[in-house]
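Residue numbers (my numbering), protein chains in the order written: chain E, 1 to 194; chain C, 1 to 545; chain W, 1 to 174.
Treat the hints with care, as some may be off.
Claimed, not checked - Here chain E is said to cover these stretches of chain C; the calculated rule only asks that three of the stretch's residues, wherever they fall, bring their Cβ under 8 angstroms from a Cβ of chain E: (1) 47-54; (2) 124-132.
Said to hold, decoys possible - Partial list, derived from the structure: chain W residues whose beta carbon lies under 8 angstroms from chain E: (3) 14; (4) 79; (5) 105; (6) 112; (7) 118.
As the list claims (entries may be wrong) - Computed cross-link-like contacts, EDC-like style, restricted to lysine to aspartate or glutamate with a CA-CA straight-line distance of at most 20 angstroms: (8) 136(W) <-> 159(E); (9) 108(W) <-> 153(E); (10) 292(C) <-> 21(W); (11) 165(E) <-> 140(W); (12) 340(C) <-> 12(W); (13) 99(W) <-> 295(C); (14) 157(W) <-> 167(E); (15) 22(W) <-> 35(E); (16) 163(E) <-> 149(W); (17) 145(C) <-> 113(E); (18) 127(W) <-> 158(E); (19) 141(W) <-> 173(E); (20) 292(C) <-> 33(W); (21) 42(E) <-> 21(W); (22) 121(W) <-> 158(E); (23) 121(W) <-> 162(E); (24) 163(E) <-> 43(W); (25) 165(W) <-> 105(E); (26) 141(W) <-> 167(E); (27) 136(W) <-> 161(E); (28) 66(E) <-> 127(C); (29) 136(W) <-> 162(E); (30) 127(W) <-> 160(E); (31) 44(W) <-> 113(E); (32) 324(C) <-> 32(W); (33) 99(W) <-> 298(C); (34) 136(W) <-> 158(E); (35) 121(W) <-> 173(E); (36) 323(C) <-> 32(W); (37) 292(C) <-> 32(W).
Read the hints as simulated data drawn from the structure, not as lab findings.
Every residue gets a Cβ at the ideal spot worked out from N, C-alpha and C, and that includes glycine.
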Amino acid sequence: MVDVLKKSIWVFHLNSGSCNGCDIEVLDVFTPRPDFERFGVKLVPSPRHADAIALTGPITRAMVPKVVEAIKALPEPKIVLAIGACACGGGIWHDTYVVVGGIDEFYKILKEEYGMDPPTTIYIPGCPAKPEALIYAAGILADIIKQKQRRREDVIREEDEEKRKIETIIREEIGSRHFLPKIIVKRGPKEGSV
Amino acid sequence: MQDIKRVIEENNGKIVVEHDYFLLVEVSREHVRKLARALFEAGAYYSTGVGSDERPRNGFFAMYHILNHEESKKYIVLKVEAPEHDLRIPSITPEIEGANWAEREAHDVLGIVFEGHPEPERLILPDDWPEGVYPLRKDFKYNEKVKPVRKEEKFVEREDALVLPLGPFHPTLHEPEYFEIYVDGETIVGARYKGFFVHRGLEKLAEGRLTIHQIPFVAERICGICGYTHMICYCQAVENAIGLEVPERAEYIRTLLLEIERIHSHILWFGVVYHLLGFDTGFMHAWRIREKVMDIAEMLTGNRKTYGMSLVGGVRRDIDEDKKEKTLKALREVSQEMKKLFNDVLAMKEILNRIEDVGILPKDRARSIGVVGPVARGSGINTDVRKDHPYAAYKYLDFKVPVYNGCDVLSRYLVRADEIFESIYLIEQVLDQMPGGDIMVERFEVPEFSVGVGATEAPRGEDVHFVITHRGSKVYRWRPRAPTYNNLPSVPVMLEGEHLADAPAIIGSIDPCFSCTDHVTIVDDSTGKILFRGPLEDAIRRLKR
Amino acid sequence: MSSMGRLRMLIDSLSHPRVTEKYPYEPIPIPEDFRGKPEIDPEKCIGCAACARVCPPNAITFRDDHEQGYRVLQVFLGRCIFCGRCQDSCPVGAIKLTKEFELVSLSKDDLYQVVKLELAKCIRCGKYTVPYRYIKYLMEKGPKILKYELLLCPECKGEIMTLIKYHYAQEVHE
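Produce the complete structure using the sequences and hints provided.
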């Protein structure tokens, strides 16, 4: 959870090579129907005035030094909103020759070459991210709502009963062809004649 | 039709493939300039150029120049080849201005040297890309990471002016562009730009990792405003290459979504222009009305912007009666509210004074530069891909193409306003006449190495895609060319002699979409956008104070 | 004259009903076919990995863990483009796009869904092949597949095919 309670965050919009889908949604969230300004959020012209950076786009190589400058200029405590599939994980271009590939790959470069620790990041998936998802993110920061999405892991094991059934059916089939039992004989994992 | 074939044959061109949409013409290096000149004089304009590495096939590199001849309703693709050991092709830029960027780009990514090119400089690759490494050659992997060559970023000093860096992040810029302005007091005396920050390497990605059925999803993400047009254009290019007929119902559904995208894009433009003129009330009203169109799109396709609805051979989802009714109801509301908004705004003298007789683009200049879309129609040129090369269901529908002769920002404004209402009329016809039947062709064969050209009328103008197929469900070469590419060179002409305060509205009037112009760059000036360095600097120097 | 437009605009803006939605205090209406978060139903999944093969951004990946004997299917929502190709290509309808769009999370780890399916062993050499669920599916509904092939790894299958041809040839000869 974010250390400092953040209401009325001021946001600096930064497009690092995006297709503009998420950028239009960032602009759209300030129009009358979604109305981001209810939460005191404002778009500011300089990172020095901002609390958070709204980053869109899979960071292209040409943009890496500029994004670093912008993040350095953000005063502490820093928040980065990674908006859209491209910023969260690189999107559909995560491995091309001119793209860094999402905000986490970018943080590796930030640590190795510039010695900076990654700031608090909020991931907002979507392609493009709905304006309501952005409001949801502001709601989480302001503690109005709780995060819903959690990791899910399921392990499916077969029961021994089932496994035996399968093997029996198959062995019956093998038995029904007269030459197969000679060939399909259990043997060790190394090479050897049947 | 016969004339254009005669022109080609007289100038040593050999017609290899004849299709109802395009002609593939092979020409040798010695004769390409003359043939290009002859075609330009016959009334064709330069659409785009594609370089391709065909060494695995026949040991040569090829350059395809695509020209659009509206009179004969065909695209003419000129193919010139060069062997690897002698990789030089005569440049056709001295004959046709529009070929400038296409040739620079082919040089950047393939290493072809264009002899006689006036400005052979790096265009699209990032600054720290090493020399001599050509990404679109077949021996370069799409995900190969090349070590950066860090260069010192220095300002180029000038004695008579102060250097002012601008960008790539600036409150007025929605997209990253970088600019260095030379100012003498308040006057701009020059500019130096750098762009292509949005180059993401999607052409190489399409050749490398993706199959022919996954590329529509990449095409959709070229631009977040006119993405569906790119998806349809790619599907049409492949369908032309294979010779596939799409079922009628699918054509109607495609038309429906294309028109919805046009409405949303134009209303978005109105909002942005009002904002650039300082009229934020209009911006908020326009985008409030636009929400209704986004709701229709979400109901029909499942997403507000990336519709994801079309694949090669048809569309993915059908539309039922209930959705039809909801669409019509919402569109009627949009139509009423936009009429009210336009009536109110056009009665405000303050707005009219700022856009009337401002940003003039004379008709003959417009033709020689090759502008497309509402910019051309605002200067009196009657050009529209939906009428010139009919595609999808437009051949069965009745609509007008608005053309205004004012050549100023007001004309482009009125063209777009009329187009919104024409689009609503088109959607009503589509929903009324939609036939039954299948929506997708299930199985089809893809022949190897087949060339296809697809074109659509995006909200911003003509959009062209060029495809060469390959075996095994892959694509050999794909080149999307967005409409803003052709419209950008007209901005210096429009800015000539204007006041600096009018610059944002003028540049906004071509509806620039930087991300579309994808591999290309666009550059900006202190408030809006700029393009070519040379002519732009001249234009700015001549700005009256 | 010029003030008429301004006046009309002012009156329209002031008299317009409020359009701001009440989200996040009330939910917003989501249309039926909305393309939201893709979710795998672990009970139905057979581990064929067709979804992983068609996913354009490689948001769904699979790898076979031969140490522990599982096929691990992983869905990374951060990279998902919500195109729906996985839903179209799943033969059993295990992965579906839900109406969920509130996927914001503070850690990348929360954006993953992992499904592990137990791998079967080859009856000839004991190496891991495909998941048991997949074999069951092929036995019940698959195309006319020779059942004795199902519990063999690819190498053993290749050897067996050669030997069968040899045997048939011998028999015909006799």
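Hint compliance check: list the failing hint numbers for this structure, sorted ascending.
1, 3, 25, 31
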